[in-house]
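*Asks:* Same order as they appear, the protein sequences are chains H and V. End of the first sequence sits at 249 in this note's numbering; the numbers just go up one at a time, nothing left out. End of the second sequence sits at 1237 in this note's numbering; the numbers just go up one at a time, nothing left out.
One or more hints might be untrue.
Stated by the list, open to error - Covered stretches of chain V, as calculated for chain H (at least 3 residues, CB under 8 Å):
#1 1023-1036
#2 1058-1067
#3 1075-1086
#4 1138-1147
#5 1211-1221
Calculated from the structure, these hints are not laboratory results. C-beta atoms are modelled at their ideal positions from N, C-alpha and C, and glycine is treated no differently.
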Amino acid sequence: MNTHAWATISLAISGLVLGLVVVAQWLMRKRGKALPAIRPLPAFQNLQNEVKQAAESGKTIHIALGSGGLSGENAVTSLAGLQVVEALADAAVAYDVPPIITVGHPTLLPLAQDAMRRAYEQRGLAESYKPSMVRFVAPTPMGYAAGAANQVAAGGVMSNVMIGHFGPQVSLIADAGARLGLPQSAAAASPGAIGALYPVTNRLAVGEELYAAGAQMTGEHRYLASLTAQDILRLILALVILVLAVMQS
Amino acid sequence: MMAQIRNLISMLVKKWGPIFIATITGLFVLIGYLFPNPFLVDYQGRPTELRDVLVGWAVIVAAFVFVLGVFNIARVHGGRVLRRRRGWFYSLVLLCAMLLGSIPSLLGISTRLGGDVPIQETLNYLIFDCVIGPLGASLAALVAFTLALAAFRLLRARRGWGDVILGWFFVLIVAGVLLTSTPLVGLDWLPLALIRHEAVNVMGMAGMRGLLLGVVLGTVITALRILSGGDRPHSEF
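Work out the full structure, taking the sequences as your base and the hints as a guide.
*Replies:* The structure is reproduced here in structure tokens:
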């Protein structure tokens, strides 16, 4: 079988599992049964509280969305990062803590700005929204990391959140936060970024945990369903690998 | 009545329109990838696929988004310069550099009107070779130092015994791989290459594969959620 056939089969299985999980969870909710609980992830657990603390201290939070954009292979990783912005936007507006959001690819700029604008409009504070709270820093990973690190080091930041596509250069941003003793949360999928972030923060979401940001922070059913589907697919994949290994040995 | 019509149009444009366009376009591109079948003809009369046309449109839109990015930089740093905020001088330098950097591209427009091509190319090389390249290299060197600093912090900051053991294990593995990569005179009898191979190609690759499989699953499920309209970052919902 060629690559296209494998891709079609795996996508069909993934779609089928996701569809079945969505239906099963809908039925469970209808019958009043409890939905599966999600494992707490330290990277996302305390973020809402940090917005509150930032409001109390008169500071803000910095959210680095990485150098990935919507036009490449890191699009989904960047969108997962955007879920954190969406989840925090409401709290940020409620506590009047306009976050500083830095992006390293201009395609993320309108999406992040839109998420913030919607949060302000929903609270009836459209006039308080400032597009400059989302900042395009630089189109290269290194330039982005240096610029975002400068945003953190410039002061006025209470908490540093790094979620999205990063390379090892993320250590520049994390180092700026560590020097100021800021609480730092991070989520990354690439091995280079995980290696750079692991020594800096205990609150690190690794690999697939990045895609659990929405479920963890909002608890919405659509995110819970996709997490369950992800777990089932992982189980299937592990079984397939085991069977193939046994067959080949 | 007018207000109701306005609301309806607003709902269609802001809520349903983006979802419809994103879902249909995404499905066409996906189907085009899974079942490649050129049934369109491009402007030069060559057979082309619908997904290529759609991706081409997306590239054009993305190019305009870069212009938005430049405006965003100008707005953020221009505001900082005008209000004389902390670090305003660096913002001024950035704006000047941005203007200088755009000169070769502007000359590119003039070349179409009969300008000098070699001058534009020389300026481009000058900016990349003498400014962007060295700056990137020096930042990369800085990354090496921040990584080393982070490794020391790892040993200091982790509290539990588990973290300490894991931290030392991490440092030992890194040190082991670095040492075994070096030709150590007089220690040829040690199976250094084997140790390095086991650490990098067996332990490292096993962990990497597990990580990447999880990432792929997360990516596929998130993409399916967006395609099915379950996740709508582009809509007012």
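*Asks:* Report the numbers of all earlier hints that the structure fails to satisfy, in ascending order.
*Replies:* Failing hints: none at all.
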